[in-house]
Amino acid sequence: MPWLSLLLVLPVLGALIIFCTPREQDKTVKAVALLIGILETVISLGLYFSYDFHKAGLQFIEEYNWITTLNIKYFLGVDGLSLPMVVLTTFIFLCAVLASWGMSHRVKEYFFLIMIMETAVLGVFTSLDLFLFFLFWELELIPMYLLIGIWGSARREYAAMKFIIYTMTGSAFLLAGFLAMYFLAPERTFDITQLAKAGFAPGVQSLLFVLIFLGFAVKLPVFPFHTWLPDAHVEAPAPVSMILAGVLLKMGGYGLIRINVGLLPEGVKAYIPLLATLAIINVLYGAYVALGQKDLKTMIAMSSVSHMGFVLLPVAAMTPLALNGAVLEMFAHGTVSALLFFCVGLIYERAHTREIKALEGGLAACVPKIAVAFIIGGLASLGLPGMSQFIAEFLVFLGSFPVLRLPTVLGTTGIVFTAGYILWAIKRIFYGPLNPKWAHLKDMQHSYEYLPVVILVGLTVLIGFYPALITNWSDSSLLAMLR
Amino acid sequence: MVPYAWLITAMPFIAFLIIIGVTYRRPLASALVAITCTAVSLMVSLSVLVAVIGGQTAELSLKWAEISSFKLELGVLVDPMSAVMFVVVSTITLLVQIYSIGYMHGDPGFSRFFSFLSLFAFSMLGLVSANNFLQIFMFWELVGLCSYLLIGFWYDQPGVALPPPAAGMRAFIVTRIGDVGFLIGILLLASAIPTLNFNEIFAAAEAGKLNTTLLTIAAVLIFTGAVGKSAQFPLHVWLPDAMEGPTPVSALIHAATMVAAGVYLVARTMAIFAAGPDSLLVVAYIGGFTAFLAASIGLVMTDFKRVIAYSTISQLGYMMMALGVSGAVTAGMFHLTTHAFFKALLFLAIGSVIHAAHSQEMRDLGGLGKDMKITSLTFLVGSLALAGIPPFSGFWSKDEIVHAAFASGKVGLGFLGLIVAFMTSFYIFRVYFATFWGERPAHQHGHHVHESPPTMTVPLIILAVLAVVVGWVGTPWANYFAAFLSPGEHHGGGVEGFTVMLMLVSTLIALAGILLAWAIYGRRHYDIEPLAEKSPGLYAFLSKKWFIENFYYGVIVPYGAVGLARLCAWFDRAIIDGLVNGIAGVVGGIGVSLRRFQTGYLQFYALIFFAVVVIAAVYLTLFTGLSAGI
Numbered sequence: 001m002p003w004l005s006l007l008l009v010l011p012v013l014g015a016l017i018i019f020c021t022p023r024e025q026d027k028t029v030k031a032v033a034l035l036i037g038i039l040e041t042v043i044s045l046g047l048y049f050s051y052d053f054h055k056a057g058l059q060f061i062e063e064y065n066w067i068t069t070l071n072i073k074y075f076l077g078v079d080g081l082s083l084p085m086v087v088l089t090t091f092i093f094l095c096a097v098l099a100s101w102g103m104s105h106r107v108k109e110y111f112f113l114i115m116i117m118e119t120a121v122l123g124v125f126t127s128l129d130l131f132l133f134f135l136f137w138e139l140e141l142i143p144m145y146l147l148i149g150i151w152g153s154a155r156r157e158y159a160a161m162k163f164i165i166y167t168m169t170g171s172a173f174l175l176a177g178f179l180a181m182y183f184l185a186p187e188r189t190f191d192i193t194q195l196a197k198a199g200f201a202p203g204v205q206s207l208l209f210v211l212i213f214l215g216f217a218v219k220l221p222v223f224p225f226h227t228w229l230p231d232a233h234v235e236a237p238a239p240v241s242m243i244l245a246g247v248l249l250k251m252g253g254y255g256l257i258r259i260n261v262g263l264l265p266e267g268v269k270a271y272i273p274l275l276a277t278l279a280i281i282n283v284l285y286g287a288y289v290a291l292g293q294k295d296l297k298t299m300i301a302m303s304s305v306s307h308m309g310f311v312l313l314p315v316a317a318m319t320p321l322a323l324n325g326a327v328l329e330m331f332a333h334g335t336v337s338a339l340l341f342f343c344v345g346l347i348y349e350r351a352h353t354r355e356i357k358a359l360e361g362g363l364a365a366c367v368p369k370i371a372v373a374f375i376i377g378g379l380a381s382l383g384l385p386g387m388s389q390f391i392a393e394f395l396v397f398l399g400s401f402p403v404l405r406l407p408t409v410l411g412t413t414g415i416v417f418t419a420g421y422i423l424w425a426i427k428r429i430f431y432g433p434l435n436p437k438w439a440h441l442k443d444m445q446h447s448y449e450y451l452p453v454v455i456l457v458g459l460t461v462l463i464g465f466y467p468a469l470i471t472n473w474s475d476s477s478l479l480a481m482l483r
Numbered sequence: 001m002v003p004y005a006w007l008i009t010a011m012p013f014i015a016f017l018i019i020i021g022v023t024y025r026r027p028l029a030s031a032l033v034a035i036t037c038t039a040v041s042l043m044v045s046l047s048v049l050v051a052v053i054g055g056q057t058a059e060l061s062l063k064w065a066e067i068s069s070f071k072l073e074l075g076v077l078v079d080p081m082s083a084v085m086f087v088v089v090s091t092i093t094l095l096v097q098i099y100s101i102g103y104m105h106g107d108p109g110f111s112r113f114f115s116f117l118s119l120f121a122f123s124m125l126g127l128v129s130a131n132n133f134l135q136i137f138m139f140w141e142l143v144g145l146c147s148y149l150l151i152g153f154w155y156d157q158p159g160v161a162l163p164p165p166a167a168g169m170r171a172f173i174v175t176r177i178g179d180v181g182f183l184i185g186i187l188l189l190a191s192a193i194p195t196l197n198f199n200e201i202f203a204a205a206e207a208g209k210l211n212t213t214l215l216t217i218a219a220v221l222i223f224t225g226a227v228g229k230s231a232q233f234p235l236h237v238w239l240p241d242a243m244e245g246p247t248p249v250s251a252l253i254h255a256a257t258m259v260a261a262g263v264y265l266v267a268r269t270m271a272i273f274a275a276g277p278d279s280l281l282v283v284a285y286i287g288g289f290t291a292f293l294a295a296s297i298g299l300v301m302t303d304f305k306r307v308i309a310y311s312t313i314s315q316l317g318y319m320m321m322a323l324g325v326s327g328a329v330t331a332g333m334f335h336l337t338t339h340a341f342f343k344a345l346l347f348l349a350i351g352s353v354i355h356a357a358h359s360q361e362m363r364d365l366g367g368l369g370k371d372m373k374i375t376s377l378t379f380l381v382g383s384l385a386l387a388g389i390p391p392f393s394g395f396w397s398k399d400e401i402v403h404a405a406f407a408s409g410k411v412g413l414g415f416l417g418l419i420v421a422f423m424t425s426f427y428i429f430r431v432y433f434a435t436f437w438g439e440r441p442a443h444q445h446g447h448h449v450h451e452s453p454p455t456m457t458v459p460l461i462i463l464a465v466l467a468v469v470v471g472w473v474g475t476p477w478a479n480y481f482a483a484f485l486s487p488g489e490h491h492g493g494g495v496e497g498f499t500v501m502l503m504l505v506s507t508l509i510a511l512a513g514i515l516l517a518w519a520i521y522g523r524r525h526y527d528i529e530p531l532a533e534k535s536p537g538l539y540a541f542l543s544k545k546w547f548i549e550n551f552y553y554g555v556i557v558p559y560g561a562v563g564l565a566r567l568c569a570w571f572d573r574a575i576i577d578g579l580v581n582g583i584a585g586v587v588g589g590i591g592v593s594l595r596r597f598q599t600g601y602l603q604f605y606a607l608i609f610f611a612v613v614v615i616a617a618v619y620l621t622l623f624t625g626l627s628a629g630i
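Quick note, the sequences are listed as chains A and B, same order.
Sequential numbering of the first sequence, starting at 1, is according to this note's numbering.
Sequential numbering of the second sequence, starting at 1, is according to this note's numbering.
Next up, chain A with everything else stripped away, as it sits in the complex:
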């Protein structure tokens, strides 16, 4: 059974059904999207637990010649690095579909695009041929562009334009890097498993590294290429923000580990000081900018920039312990940031503002459930033990410190600033005497509001209590990759 292909085809199928559904049948459209979301989640979990991590390596492989003359293949497969990302993706999309349940504007197009995007993102995480990888990489941009541009708030066109131009500029470098790799390989190929054995000279690797790094750096995002992110997040509707922070950023981190670390380790070694510096700038500068924000959503967006520094630092350190931490951090941040963006969406829906100062005033009294959900997300984000991001960051530190002492020490100070902006925001918005102008706000009441919270908190706590659920998978694959 070609499970991975099924995983990729189902959302497209869903999109086609939605396409054929009459315009006025919103309910049917949503039901189809939900059904696909559930099926995808179930399949991904099935794959996850039937993957044999003792054997490590790529499994569920599907390999067919596609464009024979160019040696381009339809080549899918997953290992302990990509599987956690696949599971994360299906969960986040499921939550995003639930979070979009109240959507009433151009419902058909909206869910159509969401479905297409799910295929694209899963394609990126499962492709083992760089051409195919790039195709999916580009395919993801269009729905995202339209989702921000059509369903966004006031400055949506600016944000969407910025998103697409920025990412496409990155993609150009990525494509250049892939093509260079293709032509420089002993036997022309886009096949990642073969490129890993290509044995590029260190000089060549460092050149390729720069091209490909630029592509992924925009996506992660790495300072100074991060400014599209706050704009995109602020304008995007909440479910789209959940996808953006939850999985799209992880495509950058995944690419860095799979391609830069996996195929170009000598290239990484040539730029260790630069990478470590950028990682620390991401962590500290990101946290400081977040602390200085007036808009709650921008604050959380910048917090993503800060946390993605903890994915870049292990790339610079290149130790298995740290990279396990990076995979864990990607998964953890995926669920936690989606939870936070979801909560912000709930608040925005009710109060019609995202400005911290305007929201100020004891919201915990009128929307206690939203408050609890946000506070749990905030505590997870600041690295509280018992939740997934703590152990992720601990592993990042533990693995990076022996090789990158000063950067790691600087990185650890980030946990103070993170606590600072998160707790300060919580205090201003949720605590204190109730502001009468918010007394009318209604708490969460629908199951489609509860479910994403339950799923995301559940995953966060589950991994926090039992991180081996990820690391058992990622560890053997990363060790095999670094060998």
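Calculated from the structure, these hints are not laboratory results.
Heads up, the beta-carbon is just placed ideally off N, CA and C, and yes, glycines get one too.
Hints may be right or wrong, so weigh each one.
[Said to hold, decoys possible] Derived, one-sided and incomplete: chain B residues facing chain A with beta-carbon distance under 8 Å: (1) 183; (2) 184; (3) 564.
Based on these hints, arrange chain B on the given structure of chain A.
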């Protein structure tokens, strides 16, 4: 019972889960669940203590995750030190929980309160039982979380000095500064020896396998964590603010959890400090200085809850000093134990006063002894223990610390200890006389006070008994406590003349402090402090807490944190993003000549790009023969 020691930690967590999951809407059931589970913890703790006295120890361990052959474990370390702490923590938690039934009666957050108390006990017990650095750090952070939640418990109230959530936030962030140091210390140790297990690391340190400089630095970094949690200078500022929490929480934080964690951490990792001995000097002097600093502020506070808060900081300073001067755990751990009981007693007693009189300002109080006999009497017992009057428990432990300072040759710290002892007995009896003696101030006459209910007074009586007798296990004549905690060490042997003389001197000093307090506050009620009239400069300096908080919250936070953050946010928008848009503008300018292609629809560009890729792919798939030449 030793194999079941994990139950001690697990029970409060079970209580937490039951309360939030099942009994949340039934307050009394929640209290009952919490108390039952803590009682089970206490019983297991006691039987474990008996087993350990009988010579049993154990290290239970569970593999949590193994990553790239680095093992992460969760464990329970049962040895004399943890056995003592299990009993102390579960006893005080139990009494505080019983007391809280009365104190929190009718509070809308009653169940939430008991769930947090249980979580707090779980965190502290998990910390105490840790057999490795990861676990102790995790529970260390959870202890921080619980104090954040409990200090800010009344999240919608204005508070006495500042809003409770603000106080909780300060506590979390200030202690987290220390945690960063602790974390780096752990990383440093783990980079030298690839394990986090205590016994493996200590064995390597004692065998001299690790570099002394590295151990010294690691020890100082670990101590940084303790400075945060145990409120030592310069991170002591969070603790007085923590008084915004409900008083039972203060009792718990100050006696058994949170602040005790720092002292316990240093004691637990003493092997590392001992292997890098310079670190002990840091511990000793920071401790000594903190003891003095906090006592001096305690002299002038007018809110009696704050006096006792500063007293905690000061006593923790004593404990750190003890650990530092002796390089051994007994004196510090002994004072931690005795202090836990008399400090819990003092807090619960003033809680009883606040409950009855609805004020914690001493100038609003006075003459309460007549109406609150049990509270007054038990507070007196606590005060005598704190002041160090024999045979109350505080006397024995404090005397051991001062003795250790002189014995180590650090005579300066020894004398400092005596001076602080004088200040201590003065400030605590100032509170006693001003609150319970004399007459009620005229403006309070209409308000009738009455003794608290038995749920509150019974814990007071139990604690009062303990505050007297706990010290008897560690007298210079028969120091069972020291013999139990570190059986290998030599404990005095006999009682020398110097020991007896020191006991006499310190008793006299404590009595002098009481006498002075009586002379000033015992005979009349003051609206203006005598010191403020005689020496306004010194009074202002002390009541402004040496201006340390003004510096932190007036300079560092607004400029170093918030101001800089706003600057960064501006820089990000104006410069970084401005640059990006600038480049885009230049590119756009070049594109003017290509204006014909500009349709105005943004989607158009994206679609073109994507379409080209797709068309190319389809084309090549279908007509691969034509592309053979590429």
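These are the hints, each one checked on the structure:
1. Using the Cβ-Cβ criterion of 8 Å, the hint placing residue 183 (chain B) at the interface with chain A is satisfied: the shortest such distance is roughly 5 Å.
2. The restraint placing residue 184 (chain B) at the interface with chain A holds, with a minimum CB-CB distance near 6 Å, inside the 8 Å limit.
3. Taken as an interface hint, residue 564 (chain B) checks out: its beta carbon lies about 6 Å from the nearest beta carbon of chain A, inside 8 Å.
Hint violations for this structure: none, all hints satisfied.
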